[in-house]
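Top line first, the protein sequences correspond to chains B and Y. Taking this note's numbering, the leading residue of the first sequence gets 309, the next gets one more, and so forth. Taking this note's numbering, the leading residue of the second sequence gets 18, the next gets one more, and so forth.
Don't read these hints as lab results, they were simulated from the structure. Just so you know, even glycine gets a beta-carbon here, dropped at the ideal spot from N, CA and C. Be a bit skeptical, because a hint or two may be false.
What the hints assert, rightly or not - Computed beta-carbon distance windows for the label pairs: (1) B:E610 with Y:Y175: 28 to 36 Å; (2) B:G590 with Y:I309: 53 to 61 Å; (3) Y:Q227 with B:G590: 20 to 28 Å; (4) Y:N269 with B:T583: 15 to 23 Å; (5) B:S325 with Y:D139: 36 to 44 Å.
Claimed, not checked - To give an idea of the chain B side of the interface with chain Y (calculated C-beta under 7 Å), a few residues: (6) V506; (7) R509; (8) P577; (9) I579.
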Amino acid sequence: MDEKYLIRVENLKAYYSTNIYGIQSSIKAVDGVSLKIYENEILGIAGESGCGKTTLLKALLGIIKPPLSIFYGNVFYRFNEEEKDILQLKESYIKKIRWKLVSYIPQGSMSVLNPIRKIKDTFKDFMKTHLKGIIEEDKFDIIVKEHLESLGLPLEVLNLYPHQLSGGMRQRVTIALSTLFKPKIIFADEPTTALDVVVQRGVLQLLKKIQRENKNTIVIVTHDMGIHANISDRIAIMYAGKIIEIGEKTHIFSNPLHPYTKYLINSLPKIGDKTFKKSIPGTPPSLANPPLGCRFHERCPEAMELCKNLEPEFVNTGNKHEVACFLYRGGKL
Amino acid sequence: MNDDKNNKLLLVKDLTKIFSIGPVLSKVKIFAVNKVSFDIDLNKPEIFTIAGESGSGKSTLARMLLGLLKPTYGTILYKGKDITQINNSKSWKWFTTEVQPIFQNPFETFSPLNKVEDYLYDTAKNYNIIPKTKDKSSFLKEYLSIFGLSYDEIKGRYPHEFSGGQLQRLSIARALITNPSLLIADEPVSMIDASLRMSVLNLFKELKKQFNVNVIYITHDLSTAYYISDRIAIMLRGNIVEMGPVEKVLENPLHPYTQLLRKSILEPIIEKSIMEEEIKLSVLEEKEFTAIGCKFSGRCPNIMDICKKKEPQEYVVDDRIVKCHLYADLLMKV
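Chain Y with its partners taken away, still in its complex shape (with noise of 0.2 Å):
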């Protein structure tokens, strides 16, 4: 166990957040996340999707990564540290200059009032990051070269004045100030043009080939996920249902629902057309919170007895971990 602890960049173990809801009597408690688990290597830099639908528990759980939610249980270890146990402003310093979070709406990250330039600066500032010799338009000439944006083209220049591609490649120039081995982003091209999409992803890879930053990427589009991941967890009612490479998952799924979810997704190819199979929605989401056992199990077309009745523990097929009982004859087998 010390010896994981020690080459993982981030080690994640049966992290739980429980939310109650309802009147005060009669209190329904939703498991937003329920035992979620999973790790990325120290030396290796990847790329992490969080894939999901609304309410599949992926924002909460980027919330918890953050340290910005307090999970009921379980631990977050960043680099050998619990970070939910983190209490001084020391330690917090060195944390959030570590993790960066990008957030979904590059209008709301920066602040319409202020300059966009001043932003960048400030941040380089509150983190020691400027060097004595330097002064502001020098260091952010430099600094906004590496990613091929130009200090000229933002100068003086307030958020409204870019466009949301643009402005989300300065939120993402923000977050690499600070020199982060991590980067959190939840849904971060959601709200960004088509023909601009694709230069925030590729953002992502480069940064990762050239400056070995992790990204754990939150989104519930399996399209751009397959671009640019290499590992994938498929996220149902807050458990993780499948989690292994982007390409095994998703080419050849195993679980129901990630099976569901590759049959769903409108891919632009012609010759390919949907809509011959009927699929089955789930009415009341409520219930699919509350269900005991599979979360899965008023929707799965490969329903058996025990669905119903006790959760499906993670098996491990094929490189990845599945958590459905279809599984569990097989593991007997091997």
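Looking at chain B on its own, in the form it has when it is part of the complex (with noise of 0.2 Å):
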């Protein structure tokens, strides 16, 4: 992996802010982030629920709309070695890039495809929507069968509706649709959530496949470690609206820095080890009133007095391996 990002983020803090009979609040999902994702790599976004991941990837796509609003940082994409702050752009140009360049695979595919147009139809009207005057229109039908066909997708699902299809089948459909114009980058969130285990392996092949085939970048957000296990090179942890740890997949799992991150791996089952494991301790702070210095010091085994008051900086520990602690500072700022 070389230095060649293609977005950088720099301290973004991404508001849900509220005003109901004028008490103002504020639910703080994504605060103080700062992260480079590079060309040809897969990135995972790993936390719990309500650790702002999807709100992270809102704001990584430039799609703000209220109550969300960016109170904070930026967040540059760099394409022919042109910064541009997608924050700032506008919505006519994302709109322009939008699927060409950045593409996004929804979670839900069941509400994303047109249930009273069969699947050709809904692969046209896209195609119309965002190819017209490039290409002639009797070349639609060519482009989507090669793309399908290089996806291994069967043919037969142009016929179908989406309700006669398997919830994989439809997912993979979705996924066919959002990298028909061979984006640079994609975002998936929670692409499988809602699939078997064997219908999840199916999907995940198929992006793995197309990261293989086309070395573009695919940003993928879950709370499922095995997948990140399985398809990311690179995974960063969400706790709290911020990220603790980020580093190469086999330096977060076999070698985890951050305590937080150290449960997280540790009190994964997994076939063949039925030894005890623990959960980790308290619950997850609230984002609209964190609490002060380290977020996860309420949890955390070895907090120290530091943690209670000061907010930890990354660490880079080698190998492109950083963490967000007081322990590996010595214990000092």
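Take the two lone chains, each set in its own frame, and fit them into one complex as the hints suggest.
Next comes the structure, spelled out in structure tokens:
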């Protein structure tokens, strides 16, 4: 992996703010995230529900709609050596690059496909909207067929309606749709959560195949560490609105540094291992009113006095493995 | 047979549920649960897992075991009594004290308008569990301490003020108020965060050890099934295709479907990356339900001629029951 990054996030703070009867409150869903996403990699973002991973994804895609607002920070896209702040760009420009350069695979594929149109018509509609004037319409059929064939999907699905497909096939058709224009970067939000184990494997296989062939970047958000272990190259661990550890998959799994990551990795049940697994004491903090200092200190077995008041910064422990914890700063700032 | 009845906590035999779907004149019969038989011993508490993908009929089976759904045919004997034939409220009350459910979403288990403590107290009152000498707070204090929960923590609080893991442990505590012998838990941890999931699973283990509670754990997640259960039954389109001790079934699966499941589990082990070998997915689900013969025949890598014509029998191989034609010859030889 070289230093060629596609996306650079600088100290991003995205809050949900509400104003009910004059009472202002904000949920700090993403609170100070900095991150670089490189070319030709699969980056996994892991974390529990409510840790802000979907909000981070929304910000990365530039989908900012009330009550979500960007409080601070930038998200830079870097295409052709030129950096552009997605949060400052006009909607019309974002529309132009969406699907072609930046694409998105949603979670519930059931509600994505138009239920009253055949799959082939959905594909045609999609191409008409985005490729009008660029490619002649009679070539659409060939492009779609070639694309499905390259992904190993049966062509018979084109003549079916969404409800006739099984859940896994529907999700794969959605993936085919979002990768039709060979985007440079694909964001996937829990792409397999509602699917069965066997189907899940099939869908992930497809994602990996796309990445391997097109050498593009995939950002995959999921709480399931099993998925990360199998397809991600790098993993970022989020906790209560912050990234607390980031590194290559092998380092995260074989040598987790942050106490939270340690718990997370060690509490995973595996087949062939019946030893007692402990769960993390306590519960995740509320994002409306996160604790001072390190956000994990209330549940951390190794918490020090320092952790209660000050927020730890990232420490690079070598091998591009970074962790935000005072333990790796020798208990000092 | 009579002897068998008395030694079993639960004896399920040929349990079948048929749903008819489609328009009036061209109804299709779907065997949501097809001739399922299994049993649980009376004096040997165990955690029994029923595992399967969505559409395998595991939740339909759970609802029949809880007496919420009438089977098309087949029997469910609980402590020798056929629960499908219960018709008076006294027997029903006895059955509900003995068997308690735990549902998937703890936020739906509790009414959002009631305090959690009232919920626990009301259950105890409805079943006349509380001794007359005790008031609400002293009863709950004593009761919750058994599960390592503190009354002060839940006092006056509503369901939305708890995390999923806490609430699920409370719903398990609620289910245990009647001192049941059997818990039926339908996907109890699938809605709970990874960091809290183990606390719920460990509670089940603890209950089995300390209070001799049997648990039927219904799940699609084979790794957690391996972690807590003693025996496992794998379901496919209404049929139990393999059943036996969890170590044997998951470490060395015999049925081609179990083998496929085992291969598909994304384990959090980095040395073992999947994706090397392509697997076959079903295109249409309805086709599998209505398939003649083995339901897995459309996707099975070891398919034979007979598989598409005749439904396989159950064969006993290596301590377990396997429903697959592959093992027919093996049995002949023995």
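Checked hints:
no. : hint                           : verdict
1   : B:E610 with Y:Y175: 28 to 36 Å : 34 Å, holds
2   : B:G590 with Y:I309: 53 to 61 Å : 54 Å, holds
3   : Y:Q227 with B:G590: 20 to 28 Å : 24 Å, holds
4   : Y:N269 with B:T583: 15 to 23 Å : 20 Å, holds
5   : B:S325 with Y:D139: 36 to 44 Å : 39 Å, holds
6   : V506                           : 5 Å, holds
7   : R509                           : 4 Å, holds
8   : P577                           : 4 Å, holds
9   : I579                           : 5 Å, holds
The structure shown violates none of the earlier numbered hints.
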